[in-house]
Amino acid sequence: MSDTHQHSVVFVRTDMLPEQEPPAAERGIVKWMRQNLFSSIPNGILTLASFYAIYALLSGVMPWVLNGIWDAPSIRACREILQGNAGGCFAVLTERWNQLLFGFQYPEEIYWRPTLALALLFIALAPVLFSKSFPRQLLIFTGLYPFIAFWLIWGGSLLVPVFALLGILAGYMVYSRYVAQSFAAGFFGGIAAALVFWWITGFLPTENVLAIQAVESRSIGGFMLNLILGVVCVSLSIPIGIALALGRQSNMPIIKWICVVFIEFIRGVPLITLLFVANVVLAYFLPPGTTFDLILRVIIMITMFASAYIAEVIRGGLAALPRGQYEAADSLGLDYPQAMRLIILPQALKISIPGIVNVAVGLFKDTTLVSIISMFDLVGMIRGPILASTEWNGVYWELFGFAAVLFFIVCYGISQYSQWLERQLQTDHR
Amino acid sequence: MTTLTDPPGGSFRLSMLINDTRYRSYTFQFIALMVLIACFAYLGSNLVQNLRDAGLNISYQFLGEPSNYDINQRLVEYDSQSSHWRAAIVGVLNTLLVSFLACLTATAIGVVAGVLRLSNNWLVRKLMSIYVEAFRNVPVLIWIIIIFTIMTAVMPAPRAFRGEDAEATMLFGAFAFTNRGVYIPKPILEPMGWFVLGVFVTSIFGALFYRRYATKLLYDTGKLLPMGWPTLAIVFVPAILIYFILGRPISLEYPVLGGFNFTGGIQIFGSLIALWFALAIYTGAFIAENVRAGIQAVSKGQTEAAASLGLRPNRIMNLVVLPQALRVIIPPLISQYLNITKNSSLAIAVGYMDITGTLGGITLNQTGRAIEAVLLLMLFYLTISLSISALMNVYNNSIKLKER
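Chains as they are written, first to last, in our numbering: chain A, 4 to 433; chain W, 11 to 414.
Calculated from the structure, these hints are not laboratory results. Each hint should be verified, as a subset may be incorrect.
[What the hints assert, rightly or not] A partial selection of chain A residues facing chain W, derived with a Cβ cut-off under 7 Å:
(1) Val199
(2) Ile258
(3) Gly271
(4) Pro273
(5) Leu285
(6) Cys414
(7) Tyr415
[Unchecked claim] To be clear about the criterion: a stretch of chain W counts as covered by chain A if any three or more of its residues have a C-beta under 8 Å from a C-beta of chain A, and this derived list gives those stretches:
(8) 53 to 63
(9) 191 to 203
(10) 320 to 326
Glycine is no exception: its CB is placed at the ideal position from the N, C-alpha and C atoms.
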């Protein structure tokens, strides 16, 4: 056959042609754009509209950022330098950064103390957040951290946090001694031991022993206050939330109804009314003559608020567990505290982590509400002392933009962590 | 649950209250109840003691006294001689007004953003996720203050509208955006106007009836009646005809610049706008996530099955995807509405006179009746939350998948 072909056909290719590149419209960036930006006419219009929106936004914001003045004593000086051009007066941030971060009464020479506490917070949180990549021994530091942070931020005698720590240790020793016999005996015995220890040490003189400069609670402000409220209230509300969730699932009617009423009441009212309670009402319910720190009252109310929400999240986790898990624990002969500690809660908490993180982010954002009851957190500092000062009256965007960016960084970071953790904890194969 | 071992007979011993699981729960409940009663008794005795020391008592008499303060944004008649109770009513209505407006707007924003986040247009997808992340991760209080600042510090003063070459102009000659609020035209209804309105409302019901009839016809006989344009026609044509036949009984009163300020029209204060839009775009970001999750929760197999039955894309969306997605979307949507209502209490930060601003703000400060005012305030929010959750339970039960 090939012979006949050679004579009848002028040319026959014997080897393959090299592969051609796809046409220009079907490769590289052009293809990507055709698929993702201009796949149909409405899509094209949408794309152009989006480009215009981006352009409008950037053309408004970029000159303002790029022409920004970072060094001026007041807004009038800023305006003189700008001479009518668009530009931000970021000098307010360089002038007042310390007030924005620490509040206007915190002594300047000891800014290093809360800063150090913040740095240590990351070390303390690391073994909790990334339990796989850090040794478990670091958890000891996490346990010590609240006392270190308290001493660093509030100052005063070292003995106060040390005694608080020793009281908890005493309680723990009593607990671990008796927990084998009965959980209730260990638990209540531990609490009693801690209380007795604190009551006794309350008589010891702690003034000026190993003391560093003490700072009053009302001097604490700025973003530091938001962070303190957020961290303290979230960490306190998780154990309370677990207890409330277990109480709500309990089959003892009185305990169940106490928990239901508490949770539904707290979830039904806005946080601001609870802050009003902390501000003006709580004092009526305390023994006559007691003065209570406003910051402590606020912490109590926000913790109650957060624990109700966390209880609902954990209840969701408890309800999501298959009944077989409860029955398996019973059939092993575990009593209620053992079943909860060893079988139910580890699984239920794992399911509820994303929800807990959501509550934590929401709560951290809600700490700005304390500015309404005239505490000087970040928003309170901006609206109060800084915008009211003669130098910076009228610098709105720079200050609120700064506050928004700070909150965004923290909240976005936490939510990204939660998504990462969800992927890590996903043990089912999908 | 039955146990194989019969309970041992014999007399009841006191130690069984702790050691016997049958009786232990009674012990615990008794202890809990006692602790609770002790706590309340302690707090109550402190309260009585403190009130006696301060020479106060718990009484709601103050609600009847004149309030002596003014409220600019109000839906019902009110002046500074009205009672505190009246002020609280104005506050309640203002709370409901801003919550209602914000719920509507947030739903619209959230649905659009949620659907666009699933668009196959890369740029739009990214823009929407930037919107969602930016607004979800910044406190709503900051957004409220930022929008309030725009409304009061950036908008032109009314006098900027004056003169031949005014710095600011009214939008369509009808809307004026000033730093004292937004002025919009006010509809004036003559007696016959109510008739036109009545016709309009009736024709909305008529349109709904027509749609039900068309659906029933479709299910019974398979005959497909057009839905879209007849609905529009039934809603609008009769009302417009009546409007012209009766000689245009509805007119608009435009705001006009007089003296130092605009007169006429409806004045919407900046505080309301700030609260409304801040709550709407903040909650809209959350709703967008709910909508996206709801649509993604419908498995792809459903879409493919519908397509293989030969349904057109918009019918797939309407008949297969949306009914299933709504089941996932609506419960979190309602709890977002609840959040809007509770977050509307932040009105006090911008001076919008909602219930927190009147009862929990000025009334509380003027009368010093902290306990009573805060208690009433909590009761109001609790009522709203509990009734919305009751509605939600009814709804959840009605859409629950009927399983065997």
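Status of each hint after checking the structure:
1. Val199: With a minimum Cβ separation of about 19 Å from chain W (threshold 7 Å), the hint on Val199(A) is violated.
2. Ile258: holds, 5 Å
3. Gly271: holds, 4 Å
4. Pro273: Interface hint status for Pro273(A): holds (4 Å vs cutoff 7 Å).
5. Leu285: violated, 10 Å
6. Cys414: It holds, given that the least Cβ distance between Cys414(A) and chain W is near 4 Å, below 7 Å.
7. Tyr415: holds, 5 Å
8. 53 to 63: holds (count 7)
9. 191 to 203: violated (count 0)
10. 320 to 326: Answer violated; 0 residues pass the 8 Å Cβ test.
In this structure, the hints that do not hold are numbers 1, 5, 9 and 10, in rising order.
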